[in-house]
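Participant: The lines below spell out each chain.
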Amino acid sequence: MILKVYNLKKYFKEVRAVDNVSFTIDSNEVVGIVGPNGAGKTTLINLISGFLLPDDGRIEYLGHDITYLPPHIRLKMGIARSFQIVNLFERISVIDNVIISIFSSRGMTRNMLKPADFYTHVKEEAIKILEIFGLSHKKDYMPDELSEGERKLLDIAIAYATNPRLILMDEPTSGVATKDKFRIMDIIINAIRANKLSAVIVEHDLDIISSYVDSVLVLNEGRILARGKPNEVLEDPLVKKTLFGISR
Amino acid sequence: MRLYINYIYELKKLTKILMTLIIFIFILLILPHILPSYYIIFISYALSFAIASLGFNLLLGYTGLLSFGHAVFFAIGAYSVALIARYLPNIYYFEIVILIALISSALFAALIGIIALRVSEAYFAILMLAVSMIIYSLILKFYTITRGSDGLPVPIPKFIGLTIHGISQDVFIVKYYYYILISIFIVSLIIMYLIVSSPFGKALQAIRDNPNRAYLIGINVKLYKYYSFVISGTYVGLAGSLWSIVNMYTSPEVAHWSFSSDIVYMTLLGGYTIFLGPVLGAIIYTLIKLYTVIFTQYWLLASGIIILIISLLFPEGLGGAFLRAYKFLAPLTIKRERKEIREKNRRLR
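Sequence order for the protein chains is A and B. Counting along the first sequence from 1, when you hit position 134 you're at 134 in the numbering used here, and nothing is skipped either side. Counting along the second sequence from 1, when you hit position 297 you're at 1297 in the numbering used here, and nothing is skipped either side.
Calculated from the structure, these hints are not laboratory results. Computed from a prediction, not measured in an experiment: that's the story for all the values here. Here a beta-carbon is modelled for each residue, glycine too, at the ideal position from N, C-alpha and C.
Here are some chain B residues the structure puts well away from chain A; computed CB gaps all over 10 angstroms:
# : residue
1 : His1033
2 : Leu1066
3 : Leu1138
4 : Ile1156
5 : Gln1169
6 : Ile1184
7 : Val1187
8 : Ile1294
Result set (BS3-like, lysine-lysine): computed pairs, CA atoms no more than 25 angstroms apart in a straight line:
#  : chain 1 : residue 1 : chain 2 : residue 2
9  : B       : Lys1016   : A       : Lys114
10 : B       : Lys1327   : A       : Lys139
11 : B       : Lys1327   : A       : Lys138
12 : A       : Lys114    : B       : Lys1012
13 : B       : Lys1016   : A       : Lys139
Ranges between beta-carbon positions, derived for each pair:
#  : chain 1 : residue 1 : chain 2 : residue 2 : range
14 : B       : Ala1122   : A       : Phe182    : 43 to 51 angstroms
15 : A       : Ser174    : B       : Ile1191   : 41 to 49 angstroms
16 : B       : Arg1324   : A       : Gly63     : 55 to 63 angstroms
17 : B       : Ile1017   : A       : Tyr6      : 55 to 63 angstroms
18 : B       : Met1019   : A       : Pro70     : 45 to 53 angstroms
19 : B       : Ile1022   : A       : Gly63     : 52 to 60 angstroms
Turn these sequences into a full structure, and let the hints steer you where they fit.
Facilitator: Okay, structure coming up:
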């Protein structure tokens, strides 16, 4: 087991964004989180990554209590995340975006007097990561020269380069053309499976959820509505009613 | 094999940079033989300003922080030299005063940085302006020590193991000091290049582009901004100390906000997105001042108009414009470079 969440609560005044949520994630497991708008999906990701602190509850990662640890410490422990709105370093090249992430996660950013280009093993590693994410042919491009799908992939590649054990992805295919969604998810899931990582994917697209994740967590109004295998959970009448507004 | 090829490629790139640097040094060294001493003094001014702009650009161009009060470090460097010359003449050796100027500006930056970097970007710019104006006022008010608006003279310093006497300050600058300045400028340039191209420099660029993401990939944003601020302040302090010897005199105006804006101008004029942009900006800015002073009594107005026109025509700075012109005028060079990259990629595959 890699992550345990107990009775997690986060309220914004009267709004119960996350309300008494408990669940676990196993090693190598890919969990999808679905739910209507305002269900608390992104808040939950923010709590696990340390972007927000909970009002109550506990988060354990590999047996350590990380509930109140800052994000950069969680990152060093192996929890990385990507964002719904792509979050890149826009004025440096694609490869440098990944290289910075490698330098940072290896504690090398204090090195001041040796040009970064001379860390050839880091450059090699960055190229390999870009190859995994299908971006190696655009390594010298600037991020604004990439398509939205490629920008999403680069965003995840930056998180991946920190060498995580658990990766949290907030809507990795939002804003991407429908025809490209599955190609992008194929790349992401292959990278995760190849390195035996655990992952949490927040996603609106249920076709993607049912195709790529091991289990689904359905959230509604901050509470867990259902948890289980995608084909079972997504057939549940209550889940259908919540997600589609009708009993199908 | 792949690592080896990459290493060779990087060495080739470094060789190119070194060759450019050697040509630049060569030009600087032959200038005293072809130009009147008046110009050499102005180039000496430009070299001091270039060191200040280089330091300032670490903060603006590489860390994304705009300061309107960097003149304060320049003043600390300049006054360190002048005060030692006046009150501690026994230790008025060039090597010692430069060391003290470096230490005092670094310590002051370290102290101010603790306070100034607690506020957001816009307030940081204003807070630095306030700090520089406080120091400006203190220099004016402590007349008995600083001689207020009268300023302090800066005589020719002694050198450890070398005696220079019986020459005028102008001759000292042209015959000796110019070469010392070139050496210090080159060393400063190399150190700054190493800093900005190092993993530390890359982390600063990440902070400039996206501080939240930088934090989330494990970069200690506040601490790195602080380091950048201290290094930047130390560079500007060094520039102030070197400048005071060229100028033979220092006055409170070097701590005034308008002088801070001169440093900002130089950096923007040359182009803050290019490593050598601020150096170019400092040289052009000094030249504009030199020629407008020669040709008109309204030199402030004239230099202002010229700088305005340049800024409007070349929003990326003159460095950006030169780079664009180079790309336009040298398609063959670019073709060759692209061929080299293709060749390298082919070998890697």
